Amino acid sequence: MLRILRTRIAQGHRTTTFPLELPVLPERYRGRPKIDASKCPEGCRLCEEACPTQAISLSGGLSLDLGKCLFCTACVDACPEGAIKYTTDFRLATSQRKDLVLTDGDLKLAERMRDELYRVIGRALRLREVCAGSCNACDLDTNVLNTVGWDLSRFGIQFVASPRHADGLLVTGPITRNMHHALMETYEAVPKPKIVIALGACAISGGPFADSPQVNNGVDATLPVDLYIPGCPPHPLTILDGLLRFIGRLPRATDER
Amino acid sequence: MTSSARTSGWISARQGQCLSLAEIPVIPSEGLADHLISARRRQGRLANLFGRRMNDGEVMLYAFVANDNEGEVYVCSSRLTRTNARPLQYQAITSHWPAAQAFEREIAEQYGVHPVGHPWLKPLRYHATDDGTPAPWGMFDPKKPIPGDYPFYRVEGEEVHEVAVGPVHAGVIEPGHFRFQCHGEEVLHLEIALGYQHRGAEPLLLHRNATRSAIVAETIAGDASIGHALAYCTALESLAGATLSMRTHAIRGIALELERLANHVGDLGALCNDVAFLPGASFLGRLRGEFLNLTLEICGNRFGRNLLRPGGVLFDIPKDLADRLRSRLEGLQYEVLQVLNMMFEQSSVLARFEGAGVLSEEQAEEIGLVGPAARASGCMRDVRHDFPHGVFRFSHIPIAMETTGDVYARAAVRWLEVQRSIEFLLELLGNIPDGITCKPLGPLCPNSMAFGLSETWRGEAMHVAFTDDNGKLAFVKAKDPSMHNWFGLALALRGAAISDFPLCNKSFNLSYAGHDL
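Chains S and L, in that order, are what the protein sequence lines are. Each step along the first sequence adds one to the number in the numbering used here, with nothing skipped, and position 30 is 30. Add 257 to the 1-based position in the second sequence for the numbering used here, that's all there is to it.
The set of hints was computed from the structure by calculation and includes no laboratory data. In this text, all values refer to a predicted model and were calculated from it rather than measured experimentally. Every residue, glycine too, gets a C-beta built ideally from N, C-alpha and C. Be aware that a few hints might be false.
[Said to hold, decoys possible] Chain L is faced by these chain S residues, among others (derived, beta-carbon under 8 angstroms):
#	residue
1	Ile9
2	Gln11
3	Thr53
4	Tyr118
5	Asn136
6	Ala137
7	Leu140
8	Asp141
9	Thr142
10	Asn143
11	Ala161
12	His165
13	Pro174
14	Pro208
15	Asn217
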């Protein structure tokens, strides 16, 4: 008993100060890419060719679809002009699929859920997680939010065992053919009104498994999605930031950089 | 081939060696079962068994039998030819060597091959055969896509009841279905039906975009990204005859051990949670993240994505970063060991761990168990020691062993491995050798085969790669250790209380995605 107490004292208080303070992520962390089409030489398609998931498009100016992006370094390494760079900005979640397509401008980040939803589920959001073909990384970094380091429940967000107790689903994976049925049944079991969160490149676009005959390319082919959190996998900060935007719990100060 | 000593009907191979396809002995399919069983008698362990569809429609089977003591892998093949209109078939190996059970089901499901006499011939992942022919259990019906629709083994009798769990579980975990045959609390039999995670990963390992293939290798099992990437890169580098610098090997080794640490620490915390020892659960849950953050420092991703690529590593560890990692690791060493020492002295923890989910050494050998689970049952095997490659040829990590085969042993092996991996890292980070960290892979040797083995935190991962006449990658087979070990979990539950299932499950913590591919 004394040993437990001693260890407890030594371990100290470890919960992150986010969202009151912004954590500093390591220099090499690959967050939101920044693209500068003005650097693109005429006719150069090197980044588009290098991209493993066709997230980059040059038709109609340089654009990068964060929903497809695996945050690898293929485009950055391929570009001789440095037109694409990663920043350490971890804020990536959006409310609409189209908002994930990044151009020169700023990213339109997720907004609070609509008022009629917010009144019912906004202040105590309970989620049932459905893994539908993820490699497990998205699930693990979601689970991390339940550790003392993040303490998700202080925001009124909780992962529950039964879809009957949930306000919505958090879905990971490209939606394999073999999980499609179970996903639909779980969705049906959630009482209305309900929301769906697509977490990670697989759930948004199929990710590295896009166009495999064994998968659907993400969740929004079958269910309406209310929040998109991109990444492969997204950093826990990206996930928490997205969830807090969605329930309108992000202090305004945190949003200004 | 000077380094490969032939025993009759086998060719021995080591990691890094590129075998010409013509060198691989071809055994008549009628004699394949006997051939493998005689290799088993010479202390062989079935490391892999898979099929490959040839251009003429026939199927080649490839068997890999590892001799862990000698550090050799013996390879042979067998061509299944069509006679009249009969489906392709051969005499099943599983009936004499249960370690083959999942592998033979995979062959049956992928190619419609009949392993005649297989005692447990059922779908493994639920998909159609590659040419649309029926599998031995019948035609695949895409309108019935639920793997839960499965001929479960059933125990009948008064007071016997069945418990079905999954695919959607209570926690934030991957999907799988567990069917328990129980008498009261006692589990008479557990059958595990998987396939929900089947994404069709293997064909994507041949994607025209090389980055895409490498990322698919990393996402076969997302918590073992480095382990799988290492096996994949080793296979391809062996085909190219590439020599990597010691610096590259060192960085790969550092990443592999950090991955092991994060997962072992996290799972020990989860084990605490399952026996309601919450201080351990919360401290270790947080500490797991600290190890992931060290990987993030190296390559910008907590799971080590984009670090390993065929030909090297994409991120160097310069001196200042190595020093920083080292000093953080020293702090973590103190913290983690303080918590683990506390955990392993709690009688409430030990009482729940000891005697739970026992797997004997004999059972473990029979089913070809690998990784910490095998070492906990007294089977001395660890790829880093038995088939050393890269940095493990120079820096040795002692094998952690236990003998009781219960949850305690599986936890204790991981406890020991945590200590040894930290010591290994502290030493290596202090003197990372010089060298170039990445150079493009040259052309691959045509008509050849090579494999890569790595000791992921769950056990042996294996990638086998084949080239065609033009030296183009033609076929890659990936194996996650879970392919061996799920059967071990099912056996460990026999006679156990069903309420011990979460604890036993966590002590193995197998990959659904890695199994389902």
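Evaluation of the provided hints:
1. Ile9: violated (11 angstroms)
2. Gln11: Hint on S/Gln11: holds, closest Cβ of chain L at ~5 angstroms, below 8 angstroms.
3. Thr53: holds (7 angstroms)
4. Tyr118: violated (24 angstroms)
5. Asn136: holds (4 angstroms)
6. Ala137: Hint on S/Ala137: holds, closest Cβ of chain L at ~3 angstroms, below 8 angstroms.
7. Leu140: holds (6 angstroms)
8. Asp141: holds (7 angstroms)
9. Thr142: At 6 angstroms from the nearest chain L Cβ, S/Thr142 passes the 8 angstroms test, so the hint holds.
10. Asn143: Holds, because the Cβ-Cβ distance from S/Asn143 to chain L comes to roughly 5 angstroms (cut-off 8 angstroms).
11. Ala161: holds (4 angstroms)
12. His165: Status violated, d = 11 angstroms.
13. Pro174: Result: holds, 6 angstroms to nearest chain L Cβ.
14. Pro208: Holds: closest Cβ of chain L sits about 5 angstroms from S/Pro208, inside 8 angstroms.
15. Asn217: Where the cut-off is 8 angstroms and the nearest Cβ of chain L is about 11 angstroms from S/Asn217, the hint is violated.
Hints 1, 4, 12 and 15 from the list above are not met by this structure, while the remaining hints are.
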